[in-house]
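Residue numbers (our numbering), protein chains in the order written: chain D, 973 to 1049; chain E, 39 to 441.
Keep in mind that a hint or two might mislead.
If you want a taste of the chain E side facing chain D, the calculated C-beta under 8 Å gives, among others [as the list claims (entries may be wrong)]:
#, residue
1, Pro-207
2, Val-312
3, Arg-316
4, Gln-330
Derived Cβ-Cβ restraints for the label pairs, each shown as a range [claimed, not checked]:
#, chain 1, residue 1, chain 2, residue 2, range
5, D, His-1021, E, Ala-171, 15 to 21 Å
6, D, Thr-1041, E, Ala-185, 18 to 24 Å
7, E, Thr-348, D, Gly-994, 36 to 42 Å
8, E, Gly-246, D, His-1021, 21 to 27 Å
9, D, Glu-986, E, Ala-185, 34 to 40 Å
10, D, Pro-1032, E, Ser-49, 48 to 54 Å
11, D, Arg-990, E, Leu-344, 46 to 52 Å
Which bits of chain D does chain E cover? Going by a derived footprint, with three or more residues having C-beta under 8 Å, they are [said to hold, decoys possible]:
#, segment
12, 976-990
13, 1012-1024
14, 1037-1044
Simulated from the structure, these hints should not be mistaken for lab results. As the structure is a computational prediction, the values presented were derived from the model and not from experiment. The beta-carbon is built from N, C-alpha and C at its ideal position, and this holds for glycine as well.
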Amino acid sequence: MEEMTFEQAYGQLERITRELEGGDLPLEAALTLFEQGAKLAELCDRLLHAAELRVRQIVPDGAGGFEATRFDDWEPS
Amino acid sequence: MATITVTQLLSQIKTLIEREQTLRNVWLQGEVSNFVRAASGHCYFTLKDERAVLACVMWKQDAQRLGRLPQNGQQVLVHGYVSVYESQGKMQFYADALELAGVGRLYQEFEALKAKLATEGLFDAERKRPLPAWPQRIGVVTSPRAAALRDILRTLALRYPAVQVLLAPSAVQGVEAPGQIVAAIELLNAWNAGVEPIDVIIVARGGGSIEELWAFNDEQVARAIAASPVPVVSGVGHETDFTLADFAADLRAPTPTGAAAAAVPDRLDLASQVAALRGRLALAMSQQLASQRQQLGHSQRLLARLSPHTQIAGRRQQVDDLSLAMQRQMRHRLALHRVELDGQRARLANLDPQAVLQRGYAIVYQQPGARVVTSVQAVTAGVELRIVVADGEFSGVVTSPGP
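Sequences are here, hints too, so could you generate the full structure?
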C-alpha cells in the first residue's frame, strides 16, 4: 500500500466506496472494505501533504550521455 | 579671452545634448554596417543612410535580449538616446532595442511560417493530446536562472508537490536559444524513452518584448514541440500574442505559472475530493450497519417466536389446561363412583346374610365340614347340623331326612 501513487490510491478508494455504497454485504465484508477505504483515504492525504517537490537538473555526464543532479537553487531564501 | 579645456567643452556639449528631450527617446532607422560584437558582449555598429552615418553602441545587457544579431546591410530600427563619448570626442547613439526594419517584416516572416506549419497540420486540434490528470514526472525546459523557473517550481510545490521535476536547462532568448530549446525537448523525450517516464513537458519563458520571445517563433522549436512524444504545455510570458510554440503545444498557457498550474491538479481540490470520498465511505458503512441492525431485529423477533422458552410457556399453559380438565374429569368420575358405590352398598346390604337372618331365615351347616345345606338330598338321618340364626347358633341332629 505504501508503494502506491496518489492516482492508484485514489482510484482504489473510489472503487471501494462504490462497492460499499452498493449495499447488502455481509457485515464482515463491509467492515473490511470500510477499513481498507479509511486507510486509503489516509494514504491519499499523506501523499498530498507530506511530499516535498523534488527537482533534478539533467546535465551532460561527460561521456556523451546525461545524468540528473539535484537542483535546489530555486527555493525562496 | 577665457579658455576652456577639451574635457570641459565636450562635457558642455554632452550636457546640452542630454538635456534635449527630443534626443532622449528616439526610434532611428538605418542600415547596419561594421557590426561587431566584442568579447565583453557589447555590440558596436554604424547606422547609415544615403547621406550620413552615426556610430551606435548596444550594451551587453540589451544585446542579450536580441532574438538574432543584425547582419551588415540590414535595415533596422533602433531605440535609444544620443550622447557624447568624451574620450573619443564622438557623438554616439546608445541603442537599447533593435528590430529588423518595419516590425512588419518580422510579422511577415512569422505569418508565412505560421501558414506553412498550419498547412502541414502541425497546429491541428486533433493533434492536441489531453494532459494526464495526475502526472508523476514533469519535464521543464527553461533557463535555470530565470524567474520563470522559480514561478513554475513554486506553483508545482504549492499545488502538487508529489510530482517530480526534471529540468532541462536552455537559453530562452538570443541566437542560441532555438537550438537549445529543441535539444532540451529532445533530451527530455530521450529520458522518457530510456530512463524514466515523463508525463508532460513545460516549455516556458517569462514575459518580454516580442523580440525577446522570438526564439519561440522558431520553426525548429515549433516542430520539436509538435513532434514531442510527451505532451507539451507552453507558457511563454505574453498575454496577447501567441507564438508558434503556443500553436504547436498540446496546451497553451499565458505564463509560466499558468503552465505549471495547467500541468498538475491542485492538492487542495484533491484533498477535498478525498474528504468527500471519506464521507461517502462513512455514510455507506453506517447504512450497512443500519441495514444489518434491521436484519438483526427481524432475526431476533423470528428467533423469539421459535425460542424453547416461548414454546415451553405455551406448553406449560397447555399442561395447566389439561390438568385442570383432568381434575374436573376426576372429580366427575369420583362423584359417579360414589353414587355407584352407594347403590352397590345398598344392594350389598340387601344381600347381607345377617339382614336375611334378621328377617327370620337360618343357615344350616352340615357337620363336620361346615357345608351349607341347600338340599334335602344333602343330609341323612343322624347327621349333625349347625344352625345359624340372627342372634347366634345352635346344634341339632337330623331325625327324619327328606324323601
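Verification of the supplied hints:
Proximity of E/Pro-207 to chain D holds as hinted, the smallest CB-CB distance being about 6 Å (cut-off 8 Å). Checking E/Val-312 against chain D: minimum C-beta separation of about 4 Å stays under 8 Å; hint holds. A hinted interface residue such as E/Arg-316 counts as satisfied when its beta carbon comes closer than 8 Å to some beta carbon of chain D; here the least separation is about 4 Å, so the hint holds. Hint status for E/Gln-330: holds, given a least beta-carbon distance of 5 Å to chain D, under 8 Å.
Between D/His-1021 and E/Ala-171 the beta carbons are some 19 Å apart, a value that agrees with the proposed interval 15 to 21 Å. Judged by the Cβ atoms, the range 18 to 24 Å given for D/Thr-1041 and E/Ala-185 holds: they are separated by roughly 22 Å. Range check, E/Thr-348 to D/Gly-994: about 37 Å between beta-carbon atoms, so the 36 to 42 Å window is met. A beta carbon spacing of about 36 Å between E/Gly-246 and D/His-1021 contradicts the range 21 to 27 Å that was offered as a hint.
Checked against the hint of 34 to 40 Å, the C-beta distance between D/Glu-986 and E/Ala-185 comes to roughly 39 Å, which is consistent with it. A beta carbon spacing of about 52 Å between D/Pro-1032 and E/Ser-49 agrees with the range 48 to 54 Å that was offered as a hint. A beta carbon spacing of about 38 Å between D/Arg-990 and E/Leu-344 contradicts the range 46 to 52 Å that was offered as a hint. Given as covered by chain E, the segment 976-990 of chain D passes the check, having 8 residues with a CB less than 8 Å from a CB of that chain where 3 are the minimum.
Coverage of the segment 1012-1024 of chain D by chain E holds. Counting CB-CB distances below 8 Å, 8 residues qualify, and the rule asks for three or more. Remark: the segment 1037-1044 of chain D is confirmed as covered by chain E, as 3 of its residues place a Cβ nearer than 8 Å to a Cβ of that chain, reaching the required three.
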